[in-house]
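Student: Using the sequences and the hints given, assemble the complete structure.
These protein sequence lines map, in sequence, to chains A and B.
Heads up, the first sequence is in my numbering, so the first residue is 1 and it goes up one at a time.
Heads up, the second sequence is in my numbering, so the first residue is 1 and it goes up one at a time.
Keep in mind the hints are simulated off the structure, nothing from the lab.
Honestly, I wouldn't trust all of these hints.
BS3-like cross-link-like pairs, simulated, lysine-lysine; straight-line CA separation at most 30 Å [to be verified]:
no. : chain 1 : residue 1 : chain 2 : residue 2
1   : B       : Lys-12    : A       : Lys-92
2   : A       : Lys-71    : B       : Lys-36
3   : B       : Lys-36    : A       : Lys-73
4   : A       : Lys-180   : B       : Lys-3
5   : A       : Lys-73    : B       : Lys-3
6   : B       : Lys-13    : A       : Lys-48
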Amino acid sequence: MTSKYSILTDGELMHFIQQGEVSAFDELYLRYSRPLLRYFTRMLNYDKEKAEDAFHDLFLKIVEKPEQFDKSKSFKTWIYSSAYNASKNYYKHIEIVKDALEEMKQTEDILDEKFLLTAAAKMDADSFKKSLANVVDALPLEKKTTFILRYQEDRSIVEIAEIMECTEGTVKSRIHYTLKTLSEKLTIYNPLI
Amino acid sequence: MDKKHELDDILKKHMEFSDDEQPELNPAIQNELRKKVQLRKKQPKAGIINNLLHWLTLDIKLYQAGLAMFLLVFIFFAVSPSGTRIQNIGSNAINPDTTLASKSNSFKQDRFLVKNFSVSIN
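Tutor: This is the structure in structure tokens:
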């Protein structure tokens, strides 16, 4: 069953939420609740309780202060930007990663994509997935967010740059850094050795 | 470039949550949020009596009272000089209007006397 709100854009739904339309909220919740809960779950290292708290706070912001939504931006960018800021505050608060705000060093190394592909093919899916999850979990906040937004939430480089308020170059460089780390972790699977 | 796309696809695939990994949504959160949205709904407009009652119980702020006082004092001083002048003229000085009126009165009286005189002759 589709409601009349299902054809509306996110921005239009926000307008109706401001007017107290519960069905508009239901539609927006349907669109974003799962991806955002997944985002927080991954960002907060699979801590279900903390992920739920962060998720709850974010949606509370939507329903209590919908006027804060900047209509000049896309809703998707705005909501992920808020989610990123929420996790940033959280990281600052509990100090999971002390070097979260450390400036990233530009790496000139050339990433061996072929190696990563071969390693992924050689490993069984579960092992690769586990290695990838371990690498991502251990990343500092900025790099972790970038990687999750790119490969879990399927956001483009341009969108990520907008969400995280940085340049596209920085986004690319963060992804590059993560892939390099991943390559190093998977050296044992290097087919050339 | 193809390798890059291939790698992208592999990474996306492995970053997906499997069915057993999917975090479960808490329905209590949604219910709580729905209630908060409902609270935003504007109440229908109150009737005339309610509006009147509301107006009667309006809270007046100190600055509003001050502003009103200032306005009253300003109006008083703006109006009072002409009023004072009239009073002064009435009490101390000779009022040209009154003089003229008294003059015109005596003129009327004279005309009346002349009229009566002519009547008595007839």
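Student: All the hints need checking, so say for each whether the structure fits it.
Tutor: Status of the hints after comparison with the structure:
1. B/Lys-12 x A/Lys-92: holds, 28 Å
2. A/Lys-71 x B/Lys-36: Given pair A/Lys-71, B/Lys-36 holds - Cα atoms ~22 Å apart, limit 30 Å.
3. B/Lys-36 x A/Lys-73: holds, 25 Å
4. A/Lys-180 x B/Lys-3: holds, 16 Å
5. A/Lys-73 x B/Lys-3: violated, 33 Å
6. B/Lys-13 x A/Lys-48: holds, 22 Å
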